[in-house]
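We have chain A; now place chains B and C onto it with these hints.
Chains as they are written, first to last, in our numbering: chain A, 1 to 104; chain B, 1001 to 1162; chain C, 2001 to 2584.
Any given hint could turn out to be false.
No more than 20 Å apart at the CA atoms, straight line, and that leaves these computed lysine to any residue pairs for SDA-like [to be verified]:
1. B:Lys1119 with A:Leu55
2. C:Lys2164 with C:Lys2106
3. B:Lys1119 with A:Ser100
4. B:Lys1119 with A:Asp95
5. C:Lys2103 with C:Arg2351
6. C:Lys2164 with C:Lys2445
7. C:Lys2157 with C:Leu2021
8. C:Lys2361 with C:Val2382
9. C:Lys2445 with C:Pro2193
10. C:Lys2164 with C:Glu2139
11. B:Lys1119 with A:Gln60
12. C:Lys2106 with C:Ala2035
13. C:Lys2106 with C:Leu2021
14. B:Lys1119 with A:Gly57
15. B:Lys1119 with A:Leu65
16. C:Lys2157 with C:Asp2200
Covered stretches of chain A (chain C as the covering partner; in silico rule of three or more C-beta atoms under 8 Å from a C-beta of chain C) [to be verified]:
17. 24-30
18. 92-100
Cβ pair distances, simulated, as ranges [to be verified]:
19. B:Ala1151 with C:Gly2441: 40 to 46 Å
20. B:Cys1090 with C:Gly2559: 19 to 25 Å
21. C:Ser2549 with A:Gln90: 55 to 61 Å
22. C:Lys2157 with B:Leu1150: 33 to 39 Å
23. A:Asp95 with C:Gln2029: 43 to 49 Å
24. C:Gly2559 with B:Ala1121: 43 to 49 Å
25. C:Ile2578 with A:Gln90: 38 to 44 Å
Keep in mind that the hints were calculated from the coordinates and are not lab data. Just so you know, even glycine gets a beta-carbon here, dropped at the ideal spot from N, CA and C.
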Amino acid sequence: MMSLSLPLMAAVAVLGLLGIGLLGLLVTRNLIKVVVGLQILVKGALLALLLAGRLSGQVQTGQTLALTVIVADTIVSVVALALAVQVRRQFGTLDLQALSTLRR
Amino acid sequence: MFDLLIVAAMLGCAFQAVRGTRLLIAALWLAGASALTAIMMFRLGAPEVAVIELSVGAGLVTVLFVFAINIAGEEPPVTLRSLVPAPLACIVALCAVGLGAAMALPNLRVESSLVQADKFATVVWEHRSLDVLLQVVLIIGGVLAVLGLLAGGRADARKESQ
Amino acid sequence: MPDISTLAILSIALPWAGAVLIWLVRDRQPQLQHALAVVFALAGAVAALAMIPLRSEVNVLDFPLGSAFGQVTFLPDGLAVFLAVVATTIGCLAVVFSVDYMKGEKQLGRYYAYVLFFIGSMVGLVLSSNLLLIFVFWEITALCSYALISFYNDDPKAVAAGIKALIITQVGGIGLLAGALFLYAYQGNYDVPTFLAGADRLPPNVLALMAFGFLVAAAAKSAQFPFQTWLPDAMEAPTPVSALIHAATMVNAGVYLLARFYPAFEAVPNWKLAVVAVGAVTALMAAVMALVSNDLKRVLAYSTVSQLGYMVYAIGAGGIFASQFHLLSHAVFKALLFLSAGAVIHAVHTRDMREMGGLGKQMPLVKVVMIIGGLALAGIPVLNGFWSKELVLEAGHEGGPLWAWLFMLVGAGLTALYTLRFLTMVFYGEPRSGQHVHDAGPAMKIALVPLALGTLTTWLLAGSFGHFLGKALPAGHDVESTGALLLQVATAPTTFVALAVVALGLAAWWQRARLAGLAHSLRGIGTMASNSFGFEAINRAVVSVTEASAESLRTTHNGVLNWNVMAILVGLVVVLAILALGGA
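Just chain A, same shape as in the assembly:
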């Protein structure tokens, strides 16, 4: 059972996180929940990067890329949350339906 190998578990984790993150993005109506879903998606991507690094032998490159992704994703979530706060102040709501102004 120990050779229920690490790569398999990691792959399951990656796919699971990606699926849950995407589901979250599809179903939520709140702007801040969108950021939550995005974070989960990115964690899946991070694990995928590390796993790919392990499997292809370029371990350090995978880790460096994962580092870059962490930084970038953190910035994204920080700015998105600041935007969400501003949206709440301007429009009084965080509901995606009410916020979409592209509809006729």
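Frame of chain A, contents of chains B and C only:
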């Protein structure tokens, strides 16, 4: 076995984060998922990245979420129907994940022995110094953006309170 | 004496440097801008002229741009250097003309910068032998053309004309890009000489696609049927721009493309026939439209389209030398006609010929040069237009179908007719505008006189020109000396037929009072012609269909995040499914 437990817990936390209606609870579940991801990363042989993910993902981002939720205020917990019909969303997401699994899982090889070519620090600072530069630029840009966004808000709030 | 690759780079870089410099010199110093423009245009012309004795049949200047884009190579052979010289010298004369024409206009920096940018990129287009680079320069010239047509950007007509020109020529450019990509796919690089040497290595259907794609691109760029509607509207541009871009240089890019790639495509079935058909139909149609137009520049624009039709027809019939010789003559006399029309318009402040008349006494120099240009256009003997047009007709008679030759013949007669018409309406008769008009300014005269001299003399260069084009001409079409060529034209039976038709055209105008009945019965065609034979209606229909479909597709842009993510996910599923099935 240990790995199986971690993965299961991680997926459970993530699912709860997405499903919940109260924002603060969702942020806490997200923190849990981040912590478990960090442990998974450590198991995958990336200790430095795991530490950073723990401090940033489970620490910084959670604090920011709580901060933002407090400022923005909770929405009244009215259960609104999602805009995309939930069954459709589930089906499409399952299709994507399933196809990904079908393509990726057969190609997983048993892990080969780790040949440590370079230390992590060497790779980061020398081979991929451009990435580091990019990250610094991103951080500065992000800080500026947030300051710009929140400063305007504070001016409005001050105007409102006058 | 710098070597040829330096000269090639200089003839592109000097006008571009001038463009940047003029842009940096703000509009507060118009005198400096005028001076800089003339200096850099002249420098470009000198560099191009210096390339004449140094021309080379192999690629010069091999500069790698990475594996995706191939090498930056230039091939300054006879054809390329000829067009580069035409572009830079007529560009220089047009810039000199602008010193007077644009005196006192605002935003000179923008004007001169775009004109010089255009000259440089036109030279780059003809000198390049990397097909992707040719496409890049092609697009740059289209951009400059658009910017200059819409130069008076608070006039909605000018802006609309600019956008129309841009859209039509860009759509044609897709043909060129497709051809370039096909070449890369089947040859591994974008090198033009390699392609021309061994075009039969490509599978025939790919070659046919390339051939017709290039024909579409050339037809759109040179305003041939069915893409001819943008050129008359482009007359909203300032007249020196019309002279340079829409008479002497940019519209020749299409003809250049066809001439350059003729050796590769001549074996494609029906290609030559298509080229001949496009040229012949355009020539006749545009001549009819020129006959009924009352706007001086529009008449010249239709006349340009018609003469380009002659060149395209000649290429289709295999007479590359005839087409290039006609290109030379046409560039000179059409630039002359446009610039003198510019002088007239500048003096009278209107483009409508019905408000002109009797200007001959007040503008003697302009009258003389315009008559010279007009006679060349009509194909009157001794002027350069006569020799080149006869060569075109001869080549067409030998190499093309008879119905096309008859079209061209009728077109020649119509050309004479409308030439005499516009000359009479502008310069003779009773003065209709009551104002006092002045003759052309000094800078205008400096630009006009060399062009007039050129119209009178460039035909003498026929033999050396043929020699100069050298390898660019298809095998077996070598040209003998000037004397032999002129003798050949003078004694060919087609020449006499053509002269008879031209005389008929002239006589028809002279006797127009008596022919009024005939003119009245042909009024129906006249109305169709002034509605541009329905092509404007087609344009409007295309635009309204595009707008309607865009409006109806707007519902997919509902701005809801969940649906956007859903779309991304569905796309991902499709891609994964294709990969999974394809791999299995």
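Against the structure, the hints come out as follows:
Note on lysine 1119 of chain B and leucine 55 of chain A: the hinted pairing holds, with a Cα-Cα distance of about 18 Å set against a maximum of 20 Å. For the hint pairing lysine 2164 of chain C with lysine 2106 of chain C, the CA-to-CA distance comes to about 24 Å; that exceeds 20 Å, so the pair is violated. At roughly 48 Å between alpha-carbon atoms, lysine 1119 of chain B and serine 100 of chain A are farther apart than 20 Å, so this suggested pair is violated. Restraint check: the Cα-Cα separation between lysine 1119 of chain B and aspartate 95 of chain A comes to about 47 Å, which exceeds 20 Å; the hinted pair is violated.
Restraint check for lysine 2103 of chain C and arginine 2351 of chain C: the C-alpha separation of about 19 Å stays at or below 20 Å, so the hint holds. In summary, the hint linking lysine 2164 of chain C to lysine 2445 of chain C is not supported, as the alpha carbons are separated by about 33 Å, beyond the 20 Å threshold. The straight-line distance between the Cα atoms of lysine 2157 of chain C and leucine 2021 of chain C is roughly 30 Å, outside the 20 Å bound, and the hint therefore fails. Restraint check for lysine 2361 of chain C and valine 2382 of chain C: not satisfied, since their Cα atoms lie roughly 26 Å apart, outside the 20 Å limit.
Distance check on the hinted pair: lysine 2445 of chain C and proline 2193 of chain C sit about 42 Å apart at the alpha-carbon level, beyond 20 Å; violated. Pair hint lysine 2164 of chain C plus glutamate 2139 of chain C holds up; C-alpha atoms about 15 Å apart against a cutoff of 20 Å. For a cut-off of 20 Å, the pair hint linking lysine 1119 of chain B to glutamine 60 of chain A stands: about 7 Å separates their Cα positions. Between lysine 2106 of chain C and alanine 2035 of chain C, the direct Cα distance comes to roughly 16 Å. Compliance with the 20 Å bound is thereby established for this hinted pair.
Proximity of lysine 2106 of chain C to leucine 2021 of chain C is assessed by CA-CA distance (about 17 Å); at most 20 Å being required, the pair is judged to hold. Distance hint between lysine 1119 of chain B and glycine 57 of chain A is fulfilled; the C-alpha atoms sit about 14 Å from each other, no more than 20 Å. At roughly 15 Å between alpha-carbon atoms, lysine 1119 of chain B and leucine 65 of chain A fall within 20 Å of each other, so this suggested pair holds. At roughly 47 Å between alpha-carbon atoms, lysine 2157 of chain C and aspartate 2200 of chain C are farther apart than 20 Å, so this suggested pair is violated.
Proximity of the region 24-30 of chain A to chain C, defined as three or more residues with a beta carbon under 8 Å from a beta carbon of that chain, is established by the 5 residues found. Coverage of a stretch by a chain is defined here by at least three residues with a beta carbon nearer than 8 Å to that chain's beta carbons; for the region 92-100 of chain A and chain C the count is 3, and the condition holds. Separated by about 59 Å at the C-beta atoms, alanine 1151 of chain B and glycine 2441 of chain C break the suggested range of 40 to 46 Å. For the pair cysteine 1090 of chain B and glycine 2559 of chain C, the supplied restraint of 19 to 25 Å holds, since their beta-carbon distance comes to about 24 Å.
Between serine 2549 of chain C and glutamine 90 of chain A the C-beta distance comes to about 35 Å, which lies outside the given range of 55 to 61 Å. The hinted window of 33 to 39 Å between lysine 2157 of chain C and leucine 1150 of chain B is violated, with their beta carbons roughly 49 Å apart. Hint check: aspartate 95 of chain A to glutamine 2029 of chain C, Cβ distance near 58 Å, so the stated range 43 to 49 Å is violated. In this structure, glycine 2559 of chain C and alanine 1121 of chain B meet the distance hint of 43 to 49 Å, their C-beta atoms being roughly 45 Å apart.
Distance hint check for isoleucine 2578 of chain C and glutamine 90 of chain A: the Cβ-Cβ separation is about 43 Å, which falls inside the suggested range of 38 to 44 Å.
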